[in-house]
Amino acid sequence: MGRMFGTDGIRGVANVELTAELAFKVGQCGAYVLTRDLKRRPRILIGKDTRKSGDMLEAALTAGMCSVGVKVIPLGVIPTPAVAYLTRKYKADAGVVISASHNPCEYNGIKFFNGEGYKLKDEVEDEIEAYIRGEKKIEILPTHGKVGYISANHNAVEDYVAFACSTIDCDLRGMKIAIDCANGASYRTAFKALNKLGANVEAIHNTPDGVNINAKCGSTHMESLQAYVTSIGADVGLAFDGDADRLLAVDENGKLIDGDQIMAVCAKYMMENGVLKQNTLVATVMSNLGLFIAGDKIGLNIPRTKVGDRYVLEEMLDKGYCLGGEQSGHIIFLDHNTTGDGLVSALQFLAVLKKTGIKASEAASLVEVLPQVLVNAVVKPENKDKYLENEQIAEECKKLEEEFAGEGRVLIRPSGTEPLVRVMIEGKNQAVLEEKATKLARLIEEILG
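Heads up, our numbering is the position in the sequence shown plus 266, with the first residue counted as 1.
Source of the hints: derived by calculation from the structure; they are not laboratory data.
Possibly wrong hints are sitting among the right ones.
Stated by the list, open to error - Derived DSS-like pairs: lysine-lysine, alpha-carbon spacing no greater than 25 Å straight-line:
1) Lys305 x Lys387
2) Lys646 x Lys572
3) Lys694 x Lys665
4) Lys403 x Lys305
5) Lys646 x Lys664
6) Lys458 x Lys621
7) Lys585 x Lys387
8) Lys403 x Lys387
9) Lys620 x Lys521
10) Lys585 x Lys563
11) Lys291 x Lys402
12) Lys585 x Lys543
13) Lys482 x Lys521
14) Lys572 x Lys664
15) Lys543 x Lys621
16) Lys458 x Lys625
17) Lys318 x Lys482
18) Lys291 x Lys412
19) Lys705 x Lys646
20) Lys442 x Lys621
21) Lys521 x Lys621
22) Lys458 x Lys442
23) Lys355 x Lys458
24) Lys403 x Lys337
25) Lys521 x Lys442
26) Lys620 x Lys462
27) Lys621 x Lys462
28) Lys665 x Lys652
29) Lys625 x Lys462
30) Lys387 x Lys402
31) Lys337 x Lys412
32) Lys563 x Lys625
33) Lys585 x Lys572
34) Lys462 x Lys355
35) Lys572 x Lys543
36) Lys563 x Lys621
37) Lys705 x Lys694
38) Lys458 x Lys620
39) Lys652 x Lys572
40) Lys442 x Lys482
From a predicted model like this one, the values you see are computed outputs, not experimental measurements.
Input sequences plus hints: build the corresponding full structure.
Below you can see the structure in the form of C-alpha cells.
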C-alpha cells in the first residue's frame with residue numbers, strides 16, 4: 267500500500283477514496299500525534315474551501331479530534347494560508363485545512379500545519395499514518411469532562427484580511443483591479459482586502475455553489491480573466507486557485523503574468539530597497555530560463571530546488587532566505603507568512619506597481635518568458651530513475667545543451683506518480699523545441715520503455 271500523505275496532505279475523490287471514516291481517523295490520529303505531550307487541553311483550528319464535501323469531512327475530522335480531547339475551533343471557509351497565519355496568531359497547537367487546492371470539486375484533501383504554521387515534516391506524517399493504519403495504537407481515550415468540544419470563531423476572515431493588508435505600507439487608491447476567485451476560498455477575503463486598501467475592485471467567479479470551484483476559472487484557467495481585464499479596462503487582473511495559496515496575474519493588455527515574473531518583480535524591488543535577504547530568490551528547476559537570465563542581469567542570486575513548494579521552503583529556512591516560489595504561483599514571502607499565500611503575494615506585487623507607478627506589462631517585461639515544451643516518455647516503472655545512467659541519453663542531452671549555447675536548456679525528470687519521464691526543453695523557437703523534445707522522448711522510450 268502506498269503512502270497516504272502526498273506532497274500536500276492526503277487527497278482523493280471525496281466519499282470514495284477520502285471517506286468520512288478515513289477523515290475521522292485522520293483527525294483522531296493527527297491530533298493525537300501533534301498534541302499528546304501537552305499538559306493542557308489542545309486547541310486546533312480547522313478551515314475549508316467551498317467544496318460541497320467539506321462539511322462532511324469537517325464533521326468527521328472534528329469528531330476524531332474531539333475524541334482525543336481537543337478543543338476544535340472551526341474557521342469556516344477561509345484560504346489555506348489564513349489557517350497557517352491564524353494558527354500562530356491564536357496560539358493554537360495545530361491547524362487543519364480541508365481542500366484539494368486547484369483540483370476539480372469531486373476531489374478533496376486534508377493537510378495539517380504545526381503550531382508554528384508550517385506544513386508537517388515527512389517523519390511526523392509517517393507517524394500519523396502508522397496510527398491510522400493501526401500499526402500503532404492510541405491506548406486510552408478521554409472520558410467525562412476531558413472529551414473535546416467545539417468553540418466557534420467568528421473573526422477569522424477579518425483577522426486574516428487585517429493581517430494581509432498590514433504586509434504593505436501603501437494604499438491602492440486609483441488602481442482598477444479585476445479578481446478571479448476560482449469560486450473558492452478567496453471569494454470574501456480578496457475583495458475585502460483590496461476594497462479596504464482603496465482599490466476599485468471588480469470580481470468574477472466569486473459565487474461558489476459547492477461544485478463550481480476551479481471550474482474553468484481561477485489560476486488554472488486564465489482565459490476568462492484575461493478577457494475580463496481588457497473588457498473593463500482594468501490596470502491588472504489577479505487569479506487565485508481554489509484554496510488561495512497561489513496567484514497568477516494578467517497585465518492591462520490581457521497578457522498572462524506567471525509566478526516567475528511576479529517573483530522577479532518583487533525580488534528586484536526588495537533588492538533595491540535592501541530587504542531581500544542575501545539578494546536571493548529561491549526558485550525550482552521548472553522555473554523559466556528567462557527568470558535566470560533576468561536574475562543574472564540585475565545581480566539576483568537564484569538557487570534552484572526540486573519541484574514543490576515544500577522544497578523551496580526547506581531551502582529558505584535552511585539558508586535564511588525570505589522569498590521563493592514556483593512558476594505556478596506558489597510564492598512564499600517568509601517575512602509575512604509560513605506558506606504560499608495568494609493574497610499576500612497579490613498585495614506585494616500591487617504595492618510595487620503603485621509605488622513605482624509603472625504598468626503591469628512594463629513590470630513583467632523584466633522576465634522574457636521563453637517557450638517551454640514538455641513531452642512525456644512512457645517507460646517501465648522500474649526504469650524511470652535510470653535515465654541518468656544511460657550514456658546515449660546523457661550524450662544526446664549534452665549535444666542539445668551545446669546547440670542552445672546558453673539560450674536554452676534541457677531538463678529531464680521522472681514523474682512522482684506515473685511510469686513517465688518528463689522531457690522539458692526551453693529555448694527561443696517553439697517549433698524547434700517541439701521537434702527536439704519529441705525526438706529525445708522517443709529515444710528515452712526506446713531505451714527504457
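Each hint, compared with the structure:
| no. | hint | in the structure |
| --- | --- | --- |
| 1 | Lys305 x Lys387 | holds (23 Å) |
| 2 | Lys646 x Lys572 | holds (23 Å) |
| 3 | Lys694 x Lys665 | holds (17 Å) |
| 4 | Lys403 x Lys305 | holds (20 Å) |
| 5 | Lys646 x Lys664 | holds (24 Å) |
| 6 | Lys458 x Lys621 | holds (21 Å) |
| 7 | Lys585 x Lys387 | holds (18 Å) |
| 8 | Lys403 x Lys387 | holds (21 Å) |
| 9 | Lys620 x Lys521 | holds (19 Å) |
| 10 | Lys585 x Lys563 | holds (23 Å) |
| 11 | Lys291 x Lys402 | holds (13 Å) |
| 12 | Lys585 x Lys543 | holds (10 Å) |
| 13 | Lys482 x Lys521 | holds (18 Å) |
| 14 | Lys572 x Lys664 | holds (21 Å) |
| 15 | Lys543 x Lys621 | holds (21 Å) |
| 16 | Lys458 x Lys625 | holds (23 Å) |
| 17 | Lys318 x Lys482 | holds (18 Å) |
| 18 | Lys291 x Lys412 | holds (19 Å) |
| 19 | Lys705 x Lys646 | holds (18 Å) |
| 20 | Lys442 x Lys621 | holds (15 Å) |
| 21 | Lys521 x Lys621 | holds (22 Å) |
| 22 | Lys458 x Lys442 | holds (15 Å) |
| 23 | Lys355 x Lys458 | holds (20 Å) |
| 24 | Lys403 x Lys337 | holds (22 Å) |
| 25 | Lys521 x Lys442 | holds (16 Å) |
| 26 | Lys620 x Lys462 | holds (15 Å) |
| 27 | Lys621 x Lys462 | holds (18 Å) |
| 28 | Lys665 x Lys652 | holds (19 Å) |
| 29 | Lys625 x Lys462 | holds (22 Å) |
| 30 | Lys387 x Lys402 | holds (19 Å) |
| 31 | Lys337 x Lys412 | holds (10 Å) |
| 32 | Lys563 x Lys625 | holds (21 Å) |
| 33 | Lys585 x Lys572 | holds (16 Å) |
| 34 | Lys462 x Lys355 | holds (21 Å) |
| 35 | Lys572 x Lys543 | holds (21 Å) |
| 36 | Lys563 x Lys621 | holds (22 Å) |
| 37 | Lys705 x Lys694 | holds (18 Å) |
| 38 | Lys458 x Lys620 | holds (19 Å) |
| 39 | Lys652 x Lys572 | holds (18 Å) |
| 40 | Lys442 x Lys482 | holds (23 Å) |
When held up to the earlier numbered hints, the structure conflicts with none and fits them all.
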